[in-house]
Amino acid sequence: MPQFTFSVTEQLIPNQDYTDKKKQLRTHVDNMRADDDEFYVLVNNIIVGEDQKGKIIDAMKKETTARKDRDESIYADVTSKISKAVNSFNEQVADIKKQRLSVTYEDKTE
Amino acid sequence: MGNKIIITPSLQARLLDLEYHNLDSTKFVEQFKQIYLEETGQLLEGEIQSYNSNKSTYSAISESGYNGTAVYIDTGDSQELFIVSQGSQDTVDWLYNIKAMFAGRSISQALATDKFVDEAKKKFEVSEDVEVTGFSHSLAHNNNTVALLNYDTFDQVYSINGAQTNYYQQYFADRNFQLEVRKNFSISSSKELYEIPPQDLHDFAMEFYGDKAKNIHQTISKDDPLYAVSVVRGFFTLGSITMVDTNPDVPGLRELIADIPDDVIKDFQELAIDFAVASNEGGTNEGVKELIGIDVGAFKDKEGMELAGHIIANYDTMVRALNEKLPPLLDRVQTVTANSNEIFGSLEEAGYITERQKEVTIDHLTRIEKSLIDIEDILKDNVNLRDKLNNPFLGAGNEIVTILRLASNLVEIYMSYKEIEKTGILKRLESIKDSHGLQEMLSSMSDGLKSYIGADMIYTSTKGEPIKVNISAALQMYQKAIPILEAKSTKISNFEKAIKHELDESYKGEKRKVQDEINQMESSPSSYRFLLSKHGFYPTFNKEIKSIRVHEIFYPLEDNDFAEQLEELKKSVESGKLYIEKYRQAIEDLFEEEENVSQLFDLSRRI
Numbered sequence: 001m002p003q004f005t006f007s008v009t010e011q012l013i014p015n016q017d018y019t020d021k022k023k024q025l026r027t028h029v030d031n032m033r034a035d036d037d038e039f040y041v042l043v044n045n046i047i048v049g050e051d052q053k054g055k056i057i058d059a060m061k062k063e064t065t066a067r068k069d070r071d072e073s074i075y076a077d078v079t080s081k082i083s084k085a086v087n088s089f090n091e092q093v094a095d096i097k098k099q100r101l102s103v104t105y106e107d108k109t110e
Numbered sequence: 111m112g113n114k115i116i117i118t119p120s121l122q123a124r125l126l127d128l129e130y131h132n133l134d135s136t137k138f139v140e141q142f143k144q145i146y147l148e149e150t151g152q153l154l155e156g157e158i159q160s161y162n163s164n165k166s167t168y169s170a171i172s173e174s175g176y177n178g179t180a181v182y183i184d185t186g187d188s189q190e191l192f193i194v195s196q197g198s199q200d201t202v203d204w205l206y207n208i209k210a211m212f213a214g215r216s217i218s219q220a221l222a223t224d225k226f227v228d229e230a231k232k233k234f235e236v237s238e239d240v241e242v243t244g245f246s247h248s249l250a251h252n253n254n255t256v257a258l259l260n261y262d263t264f265d266q267v268y269s270i271n272g273a274q275t276n277y278y279q280q281y282f283a284d285r286n287f288q289l290e291v292r293k294n295f296s297i298s299s300s301k302e303l304y305e306i307p308p309q310d311l312h313d314f315a316m317e318f319y320g321d322k323a324k325n326i327h328q329t330i331s332k333d334d335p336l337y338a339v340s341v342v343r344g345f346f347t348l349g350s351i352t353m354v355d356t357n358p359d360v361p362g363l364r365e366l367i368a369d370i371p372d373d374v375i376k377d378f379q380e381l382a383i384d385f386a387v388a389s390n391e392g393g394t395n396e397g398v399k400e401l402i403g404i405d406v407g408a409f410k411d412k413e414g415m416e417l418a419g420h421i422i423a424n425y426d427t428m429v430r431a432l433n434e435k436l437p438p439l440l441d442r443v444q445t446v447t448a449n450s451n452e453i454f455g456s457l458e459e460a461g462y463i464t465e466r467q468k469e470v471t472i473d474h475l476t477r478i479e480k481s482l483i484d485i486e487d488i489l490k491d492n493v494n495l496r497d498k499l500n501n502p503f504l505g506a507g508n509e510i511v512t513i514l515r516l517a518s519n520l521v522e523i524y525m526s527y528k529e530i531e532k533t534g535i536l537k538r539l540e541s542i543k544d545s546h547g548l549q550e551m552l553s554s555m556s557d558g559l560k561s562y563i564g565a566d567m568i569y570t571s572t573k574g575e576p577i578k579v580n581i582s583a584a585l586q587m588y589q590k591a592i593p594i595l596e597a598k599s600t601k602i603s604n605f606e607k608a609i610k611h612e613l614d615e616s617y618k619g620e621k622r623k624v625q626d627e628i629n630q631m632e633s634s635p636s637s638y639r640f641l642l643s644k645h646g647f648y649p650t651f652n653k654e655i656k657s658i659r660v661h662e663i664f665y666p667l668e669d670n671d672f673a674e675q676l677e678e679l680k681k682s683v684e685s686g687k688l689y690i691e692k693y694r695q696a697i698e699d700l701f702e703e704e705e706n707v708s709q710l711f712d713l714s715r716r717i
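From first to last, the protein sequence lines stand for chains A and B.
If you're matching positions, the first sequence starts at 1 in our numbering and goes up one per residue.
If you're matching positions, the second sequence starts at 111 in our numbering and goes up one per residue.
Don't read these hints as lab results, they were simulated from the structure.
These numbers were taken from a predicted model, which means no experiment stands behind them.
Incorrect hints may appear among the rest.
[Unchecked claim] Taking CB as the label site, the calculated pair distances span:
#, chain 1, residue 1, chain 2, residue 2, range
1, B, Q625, A, D20, 21 to 27 Å
2, B, Q695, A, V41, 18 to 24 Å
3, B, E575, A, D77, 35 to 41 Å
4, B, E531, A, D77, 50 to 56 Å
5, B, Q630, A, S88, 25 to 31 Å
6, A, S73, B, Q625, 40 to 46 Å
C-beta: ideal position from N, C-alpha, C; glycine also.
Isolated chain A (complex conformation):
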């Protein structure tokens, strides 16, 4: 009996949304931020009153602001990277779930 083969692209297993992974990973960032907040609460209590001036005070205030800004920019970068990584993960997993396959069948009537 003759055999025939056809090739198709088939969804092997159903797709799933993995966006929740962003939340999972961002929780870690929030935890790190909480440590930073605790750190800056300690630092910000040291100089009494916002209006105090002086070479040393100004230098420390400047250093603190620069440090906070740098930390914030790292967190912003990490958050954006998480978003990109999870979006890409979603797409790539969806891709591997679709594969090209060749199906060979036998026609019993011929």
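Fit chain B to the known structure of chain A by using the hints.
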């Protein structure tokens, strides 16, 4: 045993302030060490344990309302037991104040203090020769001195703004004192006690307890309302006293209180005694019943129809009891309202309140007085009518009119209270309360370099413009910032693991699932007949799938490289450590003439 631990007035004040934070044992000891370092420049080394009265198994302690912490310090060379006790915090304490210090009829908190010290000694296995020092604020001073005078609970008592010892209270607590008072003043019953001229009794008590007073040390603000009150009958001030003017803007209230005639105070004292005696016998509800004639406890747990039923069944009794008990109570209140000109005039003169606040308050207190007299008259009319008709129920009409008239007067009183409140007088009088607090006392303990904000120690740099630095916060930062950064490091590692888990391992898992499906398809192709119809190979009944070959392609996962971000996060932790050292250096530069600042930073990490 020598007292090797340094006790300064500011250390006392901060220790007492710490007690009000209700910290757990570990935190309390940690904070105590921190305060000790800041105040003395020395590390408190050795074994330090603490035990809070809320952990006590004795119901007599919790029921009395006593709150305190025992701290046992064993430096190796010496051992000491500190008992740090709180002042009035809640209703239980305030009811105790009335019963103990005004009426002189209770010492339950002093007994609880003694019991707690005993419990702490057993817990820490303290030998009898270890010195026990009591630190007290407010009510706790009364507790500690009563415990010292009656049970020798303490070797030393140090107090700030304490509620003084009371000779009426001691009369009922100390049998020897009672016998000597009876002998000296020729009295045969306790009723006569209150008739003895207060000054004579005061002087007698001072002499009687003179020896033990050597172990009592007090710091008192001239502006503390308790200092003002200690001039009235009952109180006697024992021990070495350091007076401090914590609010130089006002003269304090002592002269104002001293001007109140003793018979007025005695009137109030009688009310307090009635309340105390009744509540000692039958609990607080019984005490309130003694004052207003109504058993408020009977209303408890009743609501809706049951409550209404209770009121109707007891209505006649309640109205008659109120009519009998309210007039003497209102008479006392009227003593204040009738003298409001003098009282509020003096407060204005002393700078505590403004002229407008005085005027509005006097005006509305006059209105309140009128409403109180009305209430008295309404009750009297109602009871007279009952007697006349000889019927416990006057009929709905009459009762409703009575209730509406009473309600209207109560609304008037409430409105007047709101008007008084609107002037801001209550807020203004807060300054009096502040003068009783520990923080105002701490503020007065400032010198050129050192001062306090709240309970934090502040150093002021005099290099150029004065700069205030919170040394307590700086040391805390230096001490705690490293553990915080270490915690952040751990969180960075956790994040790194989470990336691997959520992305790399998860991708592998998905790949495995796909591979499993491929294996299944290739090994059992006949199970996938639906592919024929799905892709249009009809009819399908005459076809059989012989094989499936999957041409799988798995690309490696992309965009999962966080190396750069992780590197930045780790760098931030490292630079944090440098930043802390820089900050320390900056503060040391501000106070370069103060040699101990550098030492404080070093020692703070050994706490």
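Confirm or reject the claim that Q630 (chain B) and S88 (chain A) have a C-beta distance inside 25 to 31 Å.
Holds, at about 28 Å.
Starting from the range 40 to 46 Å, see whether the pair S73 (chain A) and Q625 (chain B) falls in it by beta-carbon distance.
Holds, at about 41 Å.
Is it true that the C-beta distance of E575 (chain B) to D77 (chain A) lies inside 35 to 41 Å, as the hint says?
holds, 39 Å
Hint check for V41 (chain A) and Q695 (chain B) - Cβ pair distance inside 18 to 24 Å:
holds, 21 Å
Range agreement (Cβ of D20 (chain A) with Cβ of Q625 (chain B), hint 21 to 27 Å):
Given about 24 Å between the Cβ atoms, the range holds.
In this structure, is the beta-carbon distance linking E531 (chain B) and D77 (chain A) contained in 50 to 56 Å?
holds, 54 Å
When held up to the earlier numbered hints, the structure conflicts with none and fits them all.
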